[in-house]
Amino acid sequence: MPSLSRRSLLQGTGLLLASTALPSWSFGQDGPSGGRLVVAADSEPRNLNPAIVASNGVFFVASKVIEPLAEADFEAEGGLVPRLAVSWEGSEDGLTATFRLREGVTWHDGEPFTSADVAFSAIEVWKPLQNLGRIVFANLDSVDTPDAHTAVFNFSRPTPFQLLRNALPVVTSVLPRHLYEGTDIAANPANAQLVGTGPFRFAEYRPGEYYRLERNPDYWGEGLPKLDEIVYRVLPDRAAAAGALEAEEIHLAAFSAVPLADLARIAEVPGIEVVTKGYEGLTYQLVVEINHRREELANVDVRRAIAHAIDKNYVVDTIFLGYATAAAGLVPHNSVEFFNPEVPQYEFDPARANELLDAAGYPRGDDGVRFSLRLLPAPYFNETRQFGDYLRQALAEIGIDAQLVNNDSAAHQQAVYTDHDFDLAVAPPVFRGDPAISTTILVRSGTPAGVTFSNQGGYADPELDALIDQAAETVDTEERTQLYNELQVKVAEDLPLINVAEWGFITVARDTVLNVGNNPRWAVSNWADTALQQ
Amino acid sequence: MKRALRLIGRRAVSSIPVLLIVVVGTFFLLESASGDAVDAYLVSIGGGDAALMEQLRRSYGLDRSALSRLGLYISSLLRFDLGWSVAFNRPIAGLILERLPNTLYLMGSATALSFAFGTLLGILAGARPGSLRDRVLSIGSLALYAVPGFWLGLVLAITFAVQLRWFPTSGIETVASGKQGLDRVLDIARHLVLPVSALAMIYLALFLRLMRAGMAEIWRLDFVRSARAKGLARRRIVLRHVARNALLPVVTMLGLQAASMLGGSVVIESVFAIPGFGRLAQEAVGLRDAPLLMGIIVVSAVLVILVNIVIDLVYGLLDPRVGASERPA
Numbered sequence: 001m002p003s004l005s006r007r008s009l010l011q012g013t014g015l016l017l018a019s020t021a022l023p024s025w026s027f028g029q030d031g032p033s034g035g036r037l038v039v040a041a042d043s044e045p046r047n048l049n050p051a052i053v054a055s056n057g058v059f060f061v062a063s064k065v066i067e068p069l070a071e072a073d074f075e076a077e078g079g080l081v082p083r084l085a086v087s088w089e090g091s092e093d094g095l096t097a098t099f100r101l102r103e104g105v106t107w108h109d110g111e112p113f114t115s116a117d118v119a120f121s122a123i124e125v126w127k128p129l130q131n132l133g134r135i136v137f138a139n140l141d142s143v144d145t146p147d148a149h150t151a152v153f154n155f156s157r158p159t160p161f162q163l164l165r166n167a168l169p170v171v172t173s174v175l176p177r178h179l180y181e182g183t184d185i186a187a188n189p190a191n192a193q194l195v196g197t198g199p200f201r202f203a204e205y206r207p208g209e210y211y212r213l214e215r216n217p218d219y220w221g222e223g224l225p226k227l228d229e230i231v232y233r234v235l236p237d238r239a240a241a242a243g244a245l246e247a248e249e250i251h252l253a254a255f256s257a258v259p260l261a262d263l264a265r266i267a268e269v270p271g272i273e274v275v276t277k278g279y280e281g282l283t284y285q286l287v288v289e290i291n292h293r294r295e296e297l298a299n300v301d302v303r304r305a306i307a308h309a310i311d312k313n314y315v316v317d318t319i320f321l322g323y324a325t326a327a328a329g330l331v332p333h334n335s336v337e338f339f340n341p342e343v344p345q346y347e348f349d350p351a352r353a354n355e356l357l358d359a360a361g362y363p364r365g366d367d368g369v370r371f372s373l374r375l376l377p378a379p380y381f382n383e384t385r386q387f388g389d390y391l392r393q394a395l396a397e398i399g400i401d402a403q404l405v406n407n408d409s410a411a412h413q414q415a416v417y418t419d420h421d422f423d424l425a426v427a428p429p430v431f432r433g434d435p436a437i438s439t440t441i442l443v444r445s446g447t448p449a450g451v452t453f454s455n456q457g458g459y460a461d462p463e464l465d466a467l468i469d470q471a472a473e474t475v476d477t478e479e480r481t482q483l484y485n486e487l488q489v490k491v492a493e494d495l496p497l498i499n500v501a502e503w504g505f506i507t508v509a510r511d512t513v514l515n516v517g518n519n520p521r522w523a524v525s526n527w528a529d530t531a532l533q534q
Numbered sequence: 001m002k003r004a005l006r007l008i009g010r011r012a013v014s015s016i017p018v019l020l021i022v023v024v025g026t027f028f029l030l031e032s033a034s035g036d037a038v039d040a041y042l043v044s045i046g047g048g049d050a051a052l053m054e055q056l057r058r059s060y061g062l063d064r065s066a067l068s069r070l071g072l073y074i075s076s077l078l079r080f081d082l083g084w085s086v087a088f089n090r091p092i093a094g095l096i097l098e099r100l101p102n103t104l105y106l107m108g109s110a111t112a113l114s115f116a117f118g119t120l121l122g123i124l125a126g127a128r129p130g131s132l133r134d135r136v137l138s139i140g141s142l143a144l145y146a147v148p149g150f151w152l153g154l155v156l157a158i159t160f161a162v163q164l165r166w167f168p169t170s171g172i173e174t175v176a177s178g179k180q181g182l183d184r185v186l187d188i189a190r191h192l193v194l195p196v197s198a199l200a201m202i203y204l205a206l207f208l209r210l211m212r213a214g215m216a217e218i219w220r221l222d223f224v225r226s227a228r229a230k231g232l233a234r235r236r237i238v239l240r241h242v243a244r245n246a247l248l249p250v251v252t253m254l255g256l257q258a259a260s261m262l263g264g265s266v267v268i269e270s271v272f273a274i275p276g277f278g279r280l281a282q283e284a285v286g287l288r289d290a291p292l293l294m295g296i297i298v299v300s301a302v303l304v305i306l307v308n309i310v311i312d313l314v315y316g317l318l319d320p321r322v323g324a325s326e327r328p329a
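Taken in order, these protein sequences are the chains called A and B.
When we follow my numbering, the leftmost residue of the first sequence carries the number 1, and every step to the right adds one.
When we follow my numbering, the leftmost residue of the second sequence carries the number 1, and every step to the right adds one.
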């Protein structure tokens, strides 16, 4: 176990040895065990297979049953702790990555877990079928299995190990080959009746009512899991989740199922705790998307004026009630590895914004209006809708008349990402640990119409594209990080989009639930050490 | 009996074009909404690339033209096959059968309650139109009617479930409780108390006011004066002469109400997290699942038609004149 600091490790060559000696859940070994944990679930995913659908809604339930190769961690070296892999290493040329796998692990149906399962999942599922794996494993050629507990990934083009490592918790849920091989993977019954290696087995699903998971007595983690059962009670209405918590019908509501406006009140209820930790690895960003096809918005001074018109601190304090951070740029603050604080900032300054617009040749008309545009706030969160209302007022201050257009999810998706029928839109993209996973797509040109959370504003800068492409194949960690630093500067200068705020979710739980929020992806991790004080 | 059969037969035939219009109308309404099932799905999983979108559109059958999809749907409907839900990845008939009973419990109890209490209170109010009792009942019911359903639901939940803890906050039964038989029935009943009360309170006003208004009118008619002149007891006049005649429009309203209750339960089902029909319809629209929505609407239409046949039969019992007009000339 080399004693490297996180920083020096990042400056290294991309080689990484994971700690097997100090799994972070070791402190959870003592303490209470047993009991049924009841949590609120606000949605019922159509496909519950995390190897095909890498989304938070799926992971919330499925991550307890099907495990990835590694999981995110607050303290461990490189921010990862082993799960089905015990160590991992990337070659210097970025063409291979080697994983040593855990021995003595069995699937819930009793079959042994081997490297063949990993090879099958990678080649047949993650690369061709998974929403995020299609990006991360785009250049994966083959997976060699020299022995039952080693998997060697071969890439046709250099694939930065830094990216793979950052993506491990999200894209590497391993499926049992013996149940999927030779079947139509997308239609396999095991996508609903999950079979994995995780601490809990999938027991029962009553549509519209609940999911029930039960303890896996043969789990590889010693003394784990702590709970006997987890029941996910489907509560689509947010007020219902808060009520059920207060009435002690459920123990926990994650993903801000209790609305921000209710937090102050519910935090006063004896026995209830508000936990903000545990979402550092799933940062959502509040972003203003810009349609550069619109003549006025193609002018960088107009975009800068809009940036100056937004009071980010007001947004954080009033809309997010303080449960957010004002954004500095394309990468969120809590990405220690990639965040670059040295980028141009646009402080709140409506006078400066007005000057910029005057100079750009858009004087106010007799009615005080310079020009009108359509503003489409995404309907997915209360906060995105409320920010739409705020932005309309902020723009009015600088003489831009914004017409709010409110749609439901499917209609918003088509209007913005397929038909480009917008001038400004409010979007909540997710930063997933590495800019190459779901962040560079927000500014790079060339994504076909229809792709959600991508650059559909017609922005195209060949230099920026070249920078992104170079970073995508730069194996050296330091060099790659440097390229992303440059990218953040360029984005802040030219504003293909405007980053406003970044936020994680809130968990509200009874104080009898132990070890809540103890890793950066807690809500979507395996909950092996989660316990219930009886 | 013959009359009943004839009525059912005639209604069945005349409802076919109605169903067809409903199906085609729903299809084009949802078709004209922007965004399709793939858009809705991609949003829920946080996005995907262009090839994935195309693959999904093909597997959902969305690469076909709207007309060919409608044609396919109608032809499978004619074989009594409701089709496959792309949003839930399950057969639609199964989904509907799973959700329908919950809504029927909810609606059935709420309708029965609001009809029973509404009519009863309406008789009390209408027995002496203009009296203090009438005023209090009329104003009270109107106030309840003006309250939005979700708000009433939330207030009931906060008061009786969160604070007093007499009833559960939400759900149709205790999750994963393993209860069987009578225990389970009682458990479901306990869960239904608050949502049923919320629904019933809102619709109570309608029946009460209709009953009261009808009675106030009938008091002025000649036959009531004759009954009084005959020296009949007031109670007998109120019940046998006035109330019975005033009941006719109320029963008509009961039939109409069955339809609007299906719609009204959407809100209450969401507030109380009851996996029912209304919530399913709401999800079908949000997820742009046209076959599912059409399935829901066809089943609802059939239900409403059935309820109205029953209402027509009851009508004949209450008012012999209705039966007379049904006879062929």
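Don't read these hints as lab results, they were simulated from the structure.
Please note: incorrect hints may appear among the correct ones.
Residues of chain B clear of chain A, computed beta-carbon distances all greater than 12 angstroms [unchecked claim]:
hint: 1; residue: 42
hint: 2; residue: 56
hint: 3; residue: 129
hint: 4; residue: 140
hint: 5; residue: 168
hint: 6; residue: 180
hint: 7; residue: 185
hint: 8; residue: 193
hint: 9; residue: 200
hint: 10; residue: 228
hint: 11; residue: 236
hint: 12; residue: 252
hint: 13; residue: 273
hint: 14; residue: 287
hint: 15; residue: 308
Coverage of chain B stretches by chain A, computed from C-beta distances (three or more under 8 angstroms per stretch; other residues unrestricted) [as the list claims (entries may be wrong)]:
hint: 16; segment: 27-35
hint: 17; segment: 49-55
hint: 18; segment: 91-105
hint: 19; segment: 156-163
Note that CB positions come from ideal geometry on N, CA and C, so glycine has one too.
Would you say residue 140 of chain B is clear of chain A, with no C-beta pair closer than or equal to 12 angstroms? holds (26 angstroms)
Under a C-beta cut-off of less than 8 angstroms, do 3 or more residues of the segment 91-105 of chain B approach chain A closely enough to confirm the stated coverage? That given contact holds, which follows from 3 residues of the segment 91-105 of chain B lying within Cβ reach (below 8 angstroms) of chain A.
Decide, holds or violated, for the assertion that all CB atoms of chain A are farther than 12 angstroms from the CB of residue 185 of chain B. holds (17 angstroms)
In terms of beta carbon proximity below 8 angstroms, does the segment 27-35 of chain B have 3 or more residues touching chain A? holds (count 3)
Decide, holds or violated, for the assertion that all CB atoms of chain A are farther than 12 angstroms from the CB of residue 193 of chain B. Residue 193 of chain B clear of chain A: closest Cβ-Cβ about 14 angstroms, beyond 12 angstroms.
According to the definition I'm using, a residue is off the interface if its beta carbon is farther than 12 angstroms from all beta carbons of the partner; does residue 56 of chain B meet that for chain A? The claim is violated: residue 56 of chain B sits with its nearest Cβ about 10 angstroms from chain A, within 12 angstroms.
Run the C-beta distances from residue 180 of chain B to all of chain A and say if the shortest one exceeds 12 angstroms. Residue 180 of chain B clear of chain A: closest Cβ-Cβ about 15 angstroms, beyond 12 angstroms.
Are all C-beta atoms of chain A more than 12 angstroms from that of residue 168 of chain B? violated (6 angstroms)
Just checking, residue 200 of chain B versus chain A, shortest CB gap more than 12 angstroms? holds (20 angstroms)
Assertion that chain A covers the segment 156-163 of chain B - criterion: three or more residues, beta-carbon distance below 8 angstroms: With 4 residues close enough to chain A, the hint holds.
Coverage of the segment 49-55 of chain B by chain A, judged on three or more residues with CB within 8 angstroms: Since 5 is at least three, the answer is holds.
Exclusion check [residue 129 of chain B not at the chain A interface, CB over 12 angstroms]: Consistent with the label, residue 129 of chain B stays out of reach of chain A, its closest Cβ about 41 angstroms off (over 12 angstroms).
Going through the hint list in order, the structure does not satisfy hints 1, 2, 5, 13, 14.
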